Amino acid sequence: MDSKFITRGLERTSLRNFSVWVLFWVVVLGFGLYGAYLCLAEGLNQTNMDNRFVFGLWIFLDLAIIAFGAGAFFTGLLLYILKRSEFTAVINSAVVIGLICYSGAVAVLAIDVGQPLRAWFTFWHPNAHSMLTEVTFCISCYLVVLAVEYMPILLKNRKLKERPSLLVFQHNLHKVIPVLAAIGVFLSFFHQGSLGGLYGVLKGRPFAFREGFGIWPSTFFLFVLSAAAIGPSFILLTTSLVSKISRKKLVKPEVLQSLGRISGWLLLAYVLFKSVDTLVWINRTSPSLLFSPYEYYNQESFGTWILFAEIVVFGLVPALMLLTRKIREHRGWLITAGLLACAGIAVNRFVMTIQTLALPTLPFDPFLSYIPSWQEIATFIAVIAYGVLLYSFSFRYLTLFPQERDLNSLTR
Amino acid sequence: MSSALSRRNILKLAGGSALGFLLSPMPWKMLDDISIWTQNWSWIPKLRRGPVTHKYTSCTLCPNACRVNARMISETPVSLWGAPDPCVGHSYLCSVGLAGHHLAYHPSRVRNAHRFTATENGISSEQLSVEDAIAHIAKILHNIHVRPEEGEFALFDCRPHGMVSDIQQIFLSHVLGARYIVPDHHEGRFMRALMEMTEDPGQSYGLDFSRTRTLLSFGVSLFEGWGISPLVVEQFRSRREEFNIIQIDHHQSSSSIVADTHIAIKPGTEMALALGLAHVIVGERLYDPASAARAVDLKRNKPFSFMDLTRRFPPGRVASVTGIPEDVIVRTAREFASNRPATAIADDFAPAELIHSVWILNHLVGATGKNGSVVQKRPLPQPWKGAHRTPPTRLRNVPDHSLRLLMIDASAADTTVSWPDLRRKMRAENATIVLCSPYRPKRGESVDYLIPIHAPYETVRANPSGEYVATSAFQISTPLWSKSEEGCETWQILQRVVSASDAMTKEEFAQLEPEELLRLQCDAIFNSKRGTIHHPNNDETIPLGSVLSSGDFYATLMEGAAWSDDGVATSTNGRLFLMGKSTSSAQRFAESVLAFDNAGIDSNPSFPLLVVPVGEDVAARFGHVSPILSKIYQESDLKPRSRFAYLHHETARRFKLAAEQRVIIHSPHGATEAIVRCDSSVRPDTVQLSVSQLDAISPTRPRIINSYGGRVYTDQPIFVRIERARS
Amino acid sequence: MKSIEISPSQYVMVIDADRCTGCGACMVACAIENNVAPAHPDATDRTGVTWMKVVKVSSGNNGDGKPACYLPLPCQQCAAETPCVTVCPQNAVEVDQQTGIVFQMSQRCLGCRYCMAACPYHARYFNWWDPEWPEGMEQTLNPDVAPRMRGVVEKCNFCHGRYQAARASAAEHGQASSDPVTYEPACAQACPTRAIKFGTPANNEQGVGDLVHSSSAFRLLPRLGTEPRVYYLSKHKWIRQMAQMEKETSTGEEVHG
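Residue numbers (this note's numbering), protein chains in the order written: chain A, 1 to 412; chain B, 1 to 727; chain C, 1 to 257.
Selected chain C positions facing chain B (in silico; Cβ < 8 Å):
| hint | residue |
| --- | --- |
| 1 | A31 |
| 2 | E138 |
| 3 | N142 |
In silico BS3-like pairs for lysine-lysine, Cα to Cα no more than 30 Å straight-line:
| hint | chain 1 | residue 1 | chain 2 | residue 2 |
| --- | --- | --- | --- | --- |
| 4 | A | K159 | A | K4 |
| 5 | A | K161 | A | K252 |
| 6 | A | K248 | A | K161 |
| 7 | C | K237 | A | K203 |
| 8 | A | K326 | A | K249 |
| 9 | A | K159 | A | K249 |
| 10 | A | K175 | B | K12 |
| 11 | B | K266 | C | K235 |
| 12 | A | K161 | B | K12 |
| 13 | B | K29 | B | K46 |
| 14 | B | K266 | C | K237 |
| 15 | B | K12 | A | K159 |
| 16 | A | K252 | A | K156 |
| 17 | B | K12 | A | K156 |
| 18 | B | K529 | B | K385 |
| 19 | A | K326 | A | K248 |
| 20 | B | K139 | B | K506 |
| 21 | A | K156 | A | K83 |
Everything labelled a hint here was simulated from the structure, so no lab data went into it.
Here the structure is a predicted model, which means the values were calculated and not measured.
Note that beta-carbon positions come from the ideal geometry of N, C-alpha and C, so glycine has one too.
Construct the entire structure; sequences and hints are all you get.
In structure tokens form, the structure reads like this:
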């Protein structure tokens, strides 16, 4: 019935099936929005955050999905700046994923702050010394860039293409895309870094504090590197997932393997730098503030196993897996490696937010724990539902995977 | 004109408008407005403005009667502070007193009379007018008067103090068969016990620590609550280096944390320590010779030998009983006896034999002698001295199931009424309880009528100083709000009920208003022609003689001034009695010492932990305090909280318990739940529990004393065992 | 002791840990002076607002003669590299150069709570609920301090409202605005045992200028380089060592507060 809107040559499931799928996610979205509404209407007491756990599930997951959404800028860098043309196969999907990740993160942030109506104060009274100012500016700008990058994908819709003015507009936009991609890389570098810098500058939290280069702590660079490393992995994971759900081949296997290999190299570099950074922190930075790093791992919940897990199990292992051709060529192992890598980045973000806040700073403070409330989880589920819905509509009505038509016509 | 409405033109218009809009003040004004709105939502309170003035009054929330300097904005109190005080130099309000001006707006405040009836679905309440309520109650009283077999009428005065209690007692004496009931615990018992051990009849005693060098405190709460506390705080502030505090306490109370020396003692064995110290002082002849000469029974053998008694408590034995090392006991005795002037003190609610033992120590070191801290004082002049009064009956001495009608005067904020004990005194059926209080009855308090009275600072109240001060003092608690026409005091309700019931035998004081009574009290003081008046606003003290008329005197007191008596030269010739003045008191003391000797306080393996009850959150749970006290009792862990069981971490380890675990606490009488917290200031092999948890595990209801100080005694020691709760 | 760079005309607070009895009068006086609302029924010690918070600290061993102490914890008013000032994205925190007080502009605060993550002393409090007073009690609010609403961060500011009143009064009497004025925050005024003293080293009110140099003076977490303006005094070594993290942290330490 809506085949007019579906790109020529692509097969999509029936409108009825699609409606059922959409309806399910709309219901989930509704539930999630209710949780979010409670947080806005009743206040942040609806969460389980408190004066010690000032950042909770939302910030941790925000940091994680922004890292995952880095695939958007990194793929753009690979395609438009480094001219690796094989990535046209995934760039559109990457942009949509990026848009979902960033818009979702910004939406959650709007609920996380106590006074969302004052969100524009950061633009009006910016504090040049604060990492968070930098994050705010860069993420807002980057969200605009992503929205503009999404435009051509949207405008290439079969029906919309029929309007000449839009076609012209889209074509003009296309010429500007490399510039936008470069801006996106620049902004991404800074905000991914600043998100790491948020914690690295906290001298009052010796667990998170790092020395660095100039005003930027080492976590600045580590976060950029880890985001760049995980971006391609996340793209390959989402592509595989969409491929599985839609039961179609969407990209040539070499593209995914290429993504995996790039991810592997970057991940290896990240693990190396991270290990050096950790050693410096254990031996110099933390003791100079009179905090012995071994105290951090004395707690029942967070033993040294978490450090080991982050760097080795979910860092070195997937890096080596992704660099091994035999593993890359096996779809199942490739996906596993990608998942492990994503888990490693998630653990890193978790450690920087939740573990940092759980650990005491004053000598007579206890170690505290925190479990998110259902409203917090619901709000995040709303983001996931929103992402699925946006992606579903984009996948159905837009050309996210240019290679799809050829790959599937061959098998028909 | 064909291009007028072309797409391009519309786009141009739109673009230009957008740019122009941005260049206009509108969007920026809107942004600014948003920031202003977000500061000024309608539910943010608007602050009252106006001229700042100060009003002097005094606090009625506890017997200390602290002087108050209230900061007023447009005739409304905004904050309360302590003011200069002739008795203790300067009053410092406690955490409850600082927020006394909130009490008029306590969430439980009622301004209408209520009647409560039990229905199938619980208790229902209906409002009625005060006149109607009084009429109903008067009818009941009338029936009692006509048919005494129905039961008795009684007034329960929750905190007997001063003029109003006197009036109530006098008034009740004109009602046939009426009782005047007071709580079991009472203030000033420690000082009054001295009268049994000295010759001077009829005098009351106070304390003057201004030269004291050593204070030996047997578990007294020195820095919180009322009684001795303000006297100690004053010396602590002004003479910290010379004022040496030895605190004997079974756990690290706030007093022992700040004291110079803390002696950790096994609970219940304090008397052994006191007599052990006496043993050393007598044995090494460290006592004050002048006081020893006055102590007639120091060497006497009949009918009871003091020396025999102390001989039973050599340091070695005392060490094993109390858990205090022998050398500490000897050293403490020497320090106490030689670093004079020295004084020993005990709590008002300590067992009688401990209080007696502490006074023995005081006699020995000369605290009751020439340079000692114990001073004599004259009682407050009273206008109705010779009037007949109903003698007070302690609650526990009221026969069970004897009362038909009970009126409760809950005008004191520190009401800690033992409700089950109270209920037991009422007849099983057909009994009526009338609560006269500014606040709703608390959960578990089943009353039949509630008649609202004034909240603190809403009306004029007589406020004599506490029992411990060196001279009697008097001030008026002046209201901080303009007098409301509605609302009255308990004894006015009593007046009206009794008048309406025709149960009165004599019409004395029946028609007097509170202020008239207050004038009578002030006249009595004025006519005594002694004492001084202290004005807080200029910190000046003038003799009473310089005031020309009693009217002027009254006016001065209404401005917030305080009257204090002249000192009395303490007589140093009278005899002192170490065992007690009368044979019966000496016998009682000897018997309790011997009984202590024979009894043990021993746990048994099934219930190995001794319960140490603390009442630190009693004020918040049992009294009415400002909701702002949530800072201490809810938003911080400063005070022990009632859902926690505090264990020394060694004890916790021994019983395989860890902090934050849910546990069940079993005693032979019942069980209660708690969460474990580790605190090394808790004595090993004890568990510190809040008094509200004791109901379930104690055979008798613990006596709660000094709600803000937190000290609690149980009639018998409670032993428990603790195990993890299976969730 | 490290030499401090606090200007003598800026305020310092000296708290004698040996005199604090844990009575909580300072906490109540602070809340009344600064219009902090009573707790919401669901508030706990982790979600309450207590600009001044008194903490009971046990040492974990009994042998020292004083195994526990009380520490009042206001905002430490860090003088150097003030953590909360550098991290606020919209400059809602500022250090007043004249007095040294770190004051929070709650009307500009966005409620992102980054400053709370940065503060090592946990001196900042977030309004998780809208403040609510029982009906009628809002008449007793102090007109010198603006009440806040939910969603913003607040903290102790050494009773800045009192400072401004003192400054205004001094100006009326012709005092130069560069001379420090004498005033007392609510906590110092309320403390019954005079454990809290306040003033400028220049005017040496209550001897604070001398006390900060005494051998029993210490500050919390000095190695972080925050140069707090709140000094503590104690004759007991274990308290000094614990606060400065000089001793190895023993696992036996407990806290209530």
